[in-house]
Structures are given as C-alpha cells and as structure tokens.
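For the protein sequence lines, the chains are A and B, in the order given. Mapping of the first sequence onto the numbering used here: position 58 corresponds to residue 58, and the numbering continues sequentially without gaps. Mapping of the second sequence onto the numbering used here: position 19 corresponds to residue 19, and the numbering continues sequentially without gaps.
Do not rely on the hints blindly, as some may be mistaken.
Looking from chain B toward chain A, a few residues come up when the C-beta cut is under 10 Å (computed) [unchecked claim]:
1) 1
2) 3
3) 4
4) 11
5) 14
6) 15
7) 18
8) 19
9) 21
10) 27
If you are wondering where the hints come from, they were derived from the structure by calculation, not from laboratory data. Glycine included, C-beta positions come from ideal geometry on N, C-alpha and C.
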Amino acid sequence: MFVTHMWWEFAFRWLHIMSGVMWIGLLWYFNFVQTPSMPKIPDEQKPAISKVIAPAALFWFRWGAMSTIITGLILAAMSGYLLSAIKLGIGDHVGKNTAIGLGMWLGTIMWFNVWFIIWPNQKKVLGIVNATPDEKKKAARTAGLASRTNTMLSVPMLYCMASASHYFALTG
Amino acid sequence: MKNPLDSLGQTVLIGFILAAVAHLLISALSA
C-alpha cells in the first residue's frame, strides 16, 4: 500500500506547494500585472477589474494563503521539525531547520498581512463594507503597501523554503 | 522621501537583498 505515514507527509507537501502556488501566483498577478495595468485601462472599463476580477482573485488569494499555512504546519509537525523550526533551529545546529523556520516565520508574517491588513482594507476599497471616499483612498494605500511588502518578502521566503531541503540539508 | 515599495523593481531588488541576508543568517544561526 502506498498510504503510509511517508505518503501522507508527501501528500501534505503536495497540497502545501499547490496552495502556495495559488497564493503567491495571485500575489504576483496583483503586483506584476493588475496594479501596474490599472492606469492604462479606460475609466468605463475599470469596473470589470474592480467588480469582477479583483473580488474573485482576492477570494482565491486569501484562501490560498490560509490553505498554505495550515498544510505547512501539518507538514512540519508530521516531519518532526515544527518546534525546532519555530525556534529557528537555534541550538540544534541543523541548517535545514533554521532555513525552513525562517521561511515559516516570513510566510506567517505574509499570511497575517493577507488576513488582517490586505483583506479588511480591500473590503473598504471594493465597497463590501461601507467607507467614505477618504477612508477608501487610505485603505487602498494601506492594502497596496502590505501587498508590496508581501511581494518583497516572497523572495527571501521562497529562498528559505527551497534552500532548506535543496541546499542546507545537503551542505550540513 | 519616496517609499521604495512604490517601485516594483525596487521591491524585488530589496527582496533579493533580503534573500542574501537570510542565507547569511541561516549559516550563522545553525553554525
């Protein structure tokens, strides 16, 4: 039977990677495609983005983030390095755990940004909750900066995640 | 002063610098 502990561990890694692709793929879509394109779109066509595409993209974006952190924590627990990773492997002298731990902390900061900064502010921007025009403008700025912060953090986060198994685990 | 995160290019560049910092930090913490 292939349904062993090792297979379940792999299955959660697979789900974790797919969720992460959904999350970071949409994060990069927002930052590399949608936001820079908005000034080039005629005003009468802008609602196609703000009323249709952005809400759908934000749905998969925030639930992708949730699924990534949940499957990641399960994976780390199943693999036996959760606690070592949380304390950045300090004292354990295992570079892999330090690398994955730093990646986990960066990912957790990004998950927090999605659920507690970007999404509450986007709800004001998209009119899902009531806000004055001034509040909307401020919310758009806050959400935009948090999204850019996550784009910035995604680079070292993925470096840490990928190097844990594919560099630090091999170099000791 | 302009916020560097207003530029996508600078955002990615800072990300690469942070990746280098992360590498050094991992090496130092796990030594």
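Going through the hints against the structure:
no.: 1; hint: 1; result: violated, 14 Å
no.: 2; hint: 3; result: holds, 7 Å
no.: 3; hint: 4; result: holds, 9 Å
no.: 4; hint: 11; result: holds, 5 Å
no.: 5; hint: 14; result: holds, 5 Å
no.: 6; hint: 15; result: holds, 3 Å
no.: 7; hint: 18; result: holds, 4 Å
no.: 8; hint: 19; result: holds, 4 Å
no.: 9; hint: 21; result: holds, 7 Å
no.: 10; hint: 27; result: holds, 7 Å
The structure fails hint 1 only (numbered hints given earlier).
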